[in-house]
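K.L.:
Listed below are the residues making up each chain.
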Amino acid sequence: METTLGKRIAALRRDKGLKQDELAQQLGVTPQAVSKWENDQTCPDITLLPQLAQILGVSVDELLSGKAEPEAPAVRVLPAEQRKDLKDMVLRIVVDSAEGDKVRVNLPLGLVEVALDMGMDVSQFTGTDALKGIDLGKILELVRCGSVGNLVEVESAEGDIVRIFVE
Amino acid sequence: MRIIVRDKDTHLNLPIPTRLVFNGLTAGLLCWGLEKHGTHVSRKQLMVFVKELHRFRRRHPKWTLVEVEGHEGEQVKITL
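These protein sequence lines map, in sequence, to chains R and F.
Residue 1 is where the first sequence starts when you use the working numbering, and the numbers rise one by one after that.
Residue 168 is where the second sequence starts when you use the working numbering, and the numbers rise one by one after that.
You may find that some hints are simply not true.
EDC-like cross-link-like pairs, simulated, lysine to aspartate or glutamate; straight-line CA separation at most 16 angstroms [claimed, not checked]:
| no. | chain 1 | residue 1 | chain 2 | residue 2 |
| --- | --- | --- | --- | --- |
| 1 | R | 102 | F | 202 |
| 2 | R | 102 | F | 239 |
| 3 | R | 138 | R | 117 |
If you're looking for bench data, these hints aren't it; they were derived computationally from the structure.
Build the full structure now, drawing on both the sequences and the hints.
P.N.:
Written out as structure tokens, the structure reads:
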């Protein structure tokens, strides 16, 4: 997560594919006000925070503190009308080793789909053998059926934790 | 694309022009190189990958693709 509130707002807005004036319009403020927030010259009014957080798809707590929710999102099956285009979704692979090493891989699903068509497998994406048995093709099928959230969670005997989730 | 490597003593920041690395010419060269090593990937497939990469980069500039943090504080980050 970004370090300042303004940078977080800018990053989340870009992730949502919104322009400053579009965000401003939804909040009923001027684009200049949004620009000032993003440049850390001013802060959004406290009464706007719930609506701002909702538009950006995070909680108010997450928006203000910059810390992501500790719990991974639970698995959900979205109805057809709420499903996003596969190319706008992200596959996150999180590996926390027992020694304290952390690996975070954020792959656009569009790229994963193309790479799978070329015959690559998951261990080639991450460079770790811990994910050798995981079939990314099956995960893609689940996503196509509308499943999102924490799709895979593995904890090895050595204490390594591997999680795969789709957003 | 940017590759950042940090540890106790060094701080390496490598900006790499994405269009220079991922383009039709390099896709063709990679395809030829892989063919020599017995892996068959067509140039058309590689170009689909390259186009998708550029499309995603336009939509999400500075996207963090990989972030690795060692237990001793070493850090490697690759952003688009």
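K.L.:
For each hint, tell me whether it holds in the structure or not.
P.N.:
Now the hints, each set against the structure:
1. With a C-alpha separation of about 35 angstroms, the suggested pair residue 102 of chain R and residue 202 of chain F falls outside the 16 angstroms cut-off, and the hint is violated.
2. At roughly 11 angstroms between alpha-carbon atoms, residue 102 of chain R and residue 239 of chain F fall within 16 angstroms of each other, so this suggested pair holds.
3. A hinted pair counts as satisfied when its Cα atoms are at most 16 angstroms apart, and residue 138 of chain R with residue 117 of chain R qualifies at roughly 13 angstroms.
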